[in-house]
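Participant: In case you want the letters, here they are:
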Amino acid sequence: MMNSLRTANAGAVEARALTVVRGERTVLRGLGFTVGPGRITGLLGPSGCGKSTLMRAVVGTQAGVTGTLDVLGHPAGHPSLRPRVGYVTQAPSVYTDLTVRQNLDYFAAVLRPGRRNRDSREEAVTRAIGDVDLTSHADALAGRLSGGQLSRVSLAVALLGTPELLVLDEPTVGLDPVLRRDLWNLFHALAADRGTTILVSSHVMDEAERCHRLLLMREGGILADDTPEALRARTGAATVEEAFLHLVDEAAAEAAADPAEAAARQETNR
Amino acid sequence: MSTDAPALSPARTLATAGRVLRQLRHDPRTVALLLIVPVVMITLLRYVFDADAGTFDAIGASLLGIFPLITMFLVTSIATLRERTSGTLERLLAMPLGKGDLIAGYALAFGAVAVAQSLLATAMSVWVLGLDVVGSPWLLLLVALLDALLGTALGLFVSAFANSEFQAVQFMPAVIFPQLLLCGLFTPRDRMHPVLETVSDVLPMSYAVDGMNQVLTHTGITADFYRDVLVVAGSALLVLCLGAATLRRRTT
Chain X
1 MMNSLRTANA GAVEARALTV VRGERTVLRG LGFTVGPGRI TGLLGPSGCG
51 KSTLMRAVVG TQAGVTGTLD VLGHPAGHPS LRPRVGYVTQ APSVYTDLTV
101 RQNLDYFAAV LRPGRRNRDS REEAVTRAIG DVDLTSHADA LAGRLSGGQL
151 SRVSLAVALL GTPELLVLDE PTVGLDPVLR RDLWNLFHAL AADRGTTILV
201 SSHVMDEAER CHRLLLMREG GILADDTPEA LRARTGAATV EEAFLHLVDE
251 AAAEAAADPA EAAARQETNR
Chain P
1 MSTDAPALSP ARTLATAGRV LRQLRHDPRT VALLLIVPVV MITLLRYVFD
51 ADAGTFDAIG ASLLGIFPLI TMFLVTSIAT LRERTSGTLE RLLAMPLGKG
101 DLIAGYALAF GAVAVAQSLL ATAMSVWVLG LDVVGSPWLL LLVALLDALL
151 GTALGLFVSA FANSEFQAVQ FMPAVIFPQL LLCGLFTPRD RMHPVLETVS
201 DVLPMSYAVD GMNQVLTHTG ITADFYRDVL VVAGSALLVL CLGAATLRRR
251 TT
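In order, the protein sequences belong to chains X and P. Under UniProt numbering, the first sequence is numbered contiguously, ending at residue 270. Under UniProt numbering, the second sequence is numbered contiguously, ending at residue 252.
Read the hints as simulated data drawn from the structure, not as lab findings. Take the hints with a grain of salt, since some may be wrong.
[To be verified] Among the chain P residues that face chain X by a calculated CB cut under 10 Å, a handful are:
1) 82
2) 93
3) 248
C-beta atoms are modelled at their ideal positions from N, C-alpha and C, and glycine is treated no differently.
Using the sequences and the accompanying hints, generate a full structural model.
Facilitator: If you want it as structure tokens, here you go:
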């Protein structure tokens, strides 16, 4: 059964019966979803619902994964995916004792090593710094930057290799509205111009409106998988936030009434 | 994991070593401490044994081997712990970087620092403080370098078991002190309790100190010196491999 599903659809990310166990806790419970190529898919839900774990599973750094999880046609974490997938963790993972440019130079050298790639590396570094609007801070020590600037350095690292899939864990946390808008414009430009598939998590619901498709998560399960418009229409809500709250209340009420039936409904709701 | 990338890519290893050195360059105080403290200590030792040049020779040569081991142990355990806790390790392992590239990069960078450190300390000891070496000072340097690699390897390995800098620093007395007591620095190993002598036979620092003493007292390269060098290099390599095993691409 798994095999027929695996080749049925050419999604950038394909999950079937995806379960993640961390220690004693089951963090993701039998998820199934598809992330369409060249689209921005938003992963939304309250903190602790399993968003980060799901993203770590997609990039292949999460242990304890069972079920099927295919990324760009390979099992998640396959070595051939490493240059093709960009990943930005929630906490900025850069070297604070290097300058912005030195950070990017190093990660670029990991992606495209060797002297013959020096020029293309230089180009990629300059472009990535420009993409996140840090050109004027290129030679500043990362440790001296503000929190928002530091998370943009982290994002720039992920943009370096022109990845086909970009996995962004809360990339806009702590940024001011202008920067958030600029970054979302960048995400849309990446999807439209470079055909990049973007899987982005957020708990800011107004950002949900800017995604092509949404995966609403709650307690390790998927509550809804739809476009923002369809979600609003289905629930009769004016905003995605309202729609989400509506679905959460609905699920909670059902769980209170009949836990078994609620679980079954969550299965069919996708 | 069997699906891991090939162990070594020279370009990525060099890039990693360059990055580690660049990080150090932004921290001149650490560099100064790394280079100057051994020189000061060996000078101190010289005048502690002011009336007893023979003791200075024996202990001084041993210390030239022990300094790089201890400093590189500390520096590496903290540096890799930072790499683990800051998320950069996770990021690197999600990129096309082999574990071997990372480890060899660190070994190369800190090995270079160790060469500079040992050059200074050895030059000071031999030419200024009058350390009486029968063999070639270059062989002292070689052993010092291997000791530094052993320190780097041990530091990398124990950093996997530390969750904080506090814990990492505490591994110093736990891992290094027993070797220091048993390596023959304080009393010849064959005069220890037989059980301790046996234990000291399997601790790499014993061979590091013995190697230094071989150079100190012999003009040529002795068979014992070969053994010492091989044991220290082999231990370093073994612990580096153990360290590589602690770098997991997938974590919980």
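Participant: Now, for every hint given, state plainly whether the structure supports it.
Facilitator: Results for each hint:
no.: 1; hint: 82; verdict: holds (9 Å)
no.: 2; hint: 93; verdict: holds (7 Å)
no.: 3; hint: 248; verdict: holds (7 Å)
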